[in-house]
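Based on the sequences and whatever the hints tell you, model everything.
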Amino acid sequence: MDKVQRMRILAARDTSLAVFMAQDVAKQAGLRPIKVAALATAVSELTTNIIKYAGNGLVTVQVVEKRYRKGVEVLVQDRGPGIADIEQAMKDHVSTSGTLGLGLPGTRRMVDEFELQSQPGEGTLVRIVVWA
Amino acid sequence: MLQSDNRVVLQSLHGVVVVPLPDPLGQDFLSELNAQLLQYLHQHSVKGVVLDMSGVALLDGADFQNLHRIWQTSTLMGSRLVLAGLQPGVAATLTMLNVDDSWTTPALSVEHAMEKLR
Numbered sequence: 001m002d003k004v005q006r007m008r009i010l011a012a013r014d015t016s017l018a019v020f021m022a023q024d025v026a027k028q029a030g031l032r033p034i035k036v037a038a039l040a041t042a043v044s045e046l047t048t049n050i051i052k053y054a055g056n057g058l059v060t061v062q063v064v065e066k067r068y069r070k071g072v073e074v075l076v077q078d079r080g081p082g083i084a085d086i087e088q089a090m091k092d093h094v095s096t097s098g099t100l101g102l103g104l105p106g107t108r109r110m111v112d113e114f115e116l117q118s119q120p121g122e123g124t125l126v127r128i129v130v131w132a
Numbered sequence: 133m134l135q136s137d138n139r140v141v142l143q144s145l146h147g148v149v150v151v152p153l154p155d156p157l158g159q160d161f162l163s164e165l166n167a168q169l170l171q172y173l174h175q176h177s178v179k180g181v182v183l184d185m186s187g188v189a190l191l192d193g194a195d196f197q198n199l200h201r202i203w204q205t206s207t208l209m210g211s212r213l214v215l216a217g218l219q220p221g222v223a224a225t226l227t228m229l230n231v232d233d234s235w236t237t238p239a240l241s242v243e244h245a246m247e248k249l250r
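Protein chains in written order, with my numbering: chain S, 1 to 132; chain V, 133 to 250.
Hints in this document: simulated from the structure, not taken from any laboratory. These numbers come from a predicted model, not from an experiment. Accuracy of the hints is not assured; some may be wrong.
Claimed, not checked - If the Cβ cut is set under 7 Å, some of the chain S residues that face chain V in the computed set are: (1) Ser16; (2) Leu17; (3) Ser44; (4) Glu45.
To be verified - A few chain S positions that, by computed beta-carbon distances, are all more than 10 Å from chain V: (5) Val4; (6) Arg6; (7) Gln28; (8) Gly55; (9) Gly82; (10) Ile86; (11) Ala89; (12) Met90; (13) Asp92; (14) Arg109; (15) Glu113; (16) Gly121; (17) Glu122; (18) Trp131.
All C-beta atoms in this analysis are idealised placements derived from N, C-alpha and C, irrespective of residue type, glycine included.
This is the structure we're talking about:
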């Protein structure tokens, strides 16, 4: 059983550390460079959302295995305001403030598995997996 | 939105400013680059700007938005800007992020970029 790595996201610099952590685990799991880049970018997008919208959160990274195939699973969770309209958040759009929005549709395209659970006022949990 | 130190290196080469970008990029570095590049373009006559992306392994949506601002700055100062040496993983993730890349002038390498700016 591979070790589970956890990191608290408390400040913007922690997003970099979470990305490095995910990159290291992805390389150890034997992911190709293009998949490592996709996973790292997805973690960057999701942890940036924590800083922007929730203030703090937690990232958990571990190697997973299915039918002799290795992958990397990342859980990104926070107890922030949550997402009121998940369907809207998963649409490609540019927000009215001119920012890129939550980046969730792009993140979903970058990974092999994507699950999002969110309740307004209770927080958000995103689970992503990239397979080797 | 990764964090990195803010050391900006502007290299002048045959009338072109070449800027090697660090990995990770980060908002602080890109803001500093924008400020220093603006000052440089105001003081010098240059044919163009080449951002050497060959060392950048990750570019998220916020970083790309900051690069767009740097392109806007360069353009307003009368200079062309070329993104050189994008890694395959970065190019792939940018397409998956579905960002607007219509403003970019890409080149495979700094040498290729210099040829484009001739």
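Each hint, compared with the structure:
no. : hint   : result
1   : Ser16  : holds (5 Å)
2   : Leu17  : violated (9 Å)
3   : Ser44  : holds (4 Å)
4   : Glu45  : holds (6 Å)
5   : Val4   : holds (23 Å)
6   : Arg6   : holds (20 Å)
7   : Gln28  : holds (16 Å)
8   : Gly55  : holds (15 Å)
9   : Gly82  : holds (21 Å)
10  : Ile86  : holds (18 Å)
11  : Ala89  : holds (14 Å)
12  : Met90  : holds (12 Å)
13  : Asp92  : violated (5 Å)
14  : Arg109 : violated (4 Å)
15  : Glu113 : holds (15 Å)
16  : Gly121 : holds (25 Å)
17  : Glu122 : holds (25 Å)
18  : Trp131 : holds (16 Å)
Of the numbered hints stated above, those contradicted by the structure are hints 2, 13 and 14, listed in ascending order.
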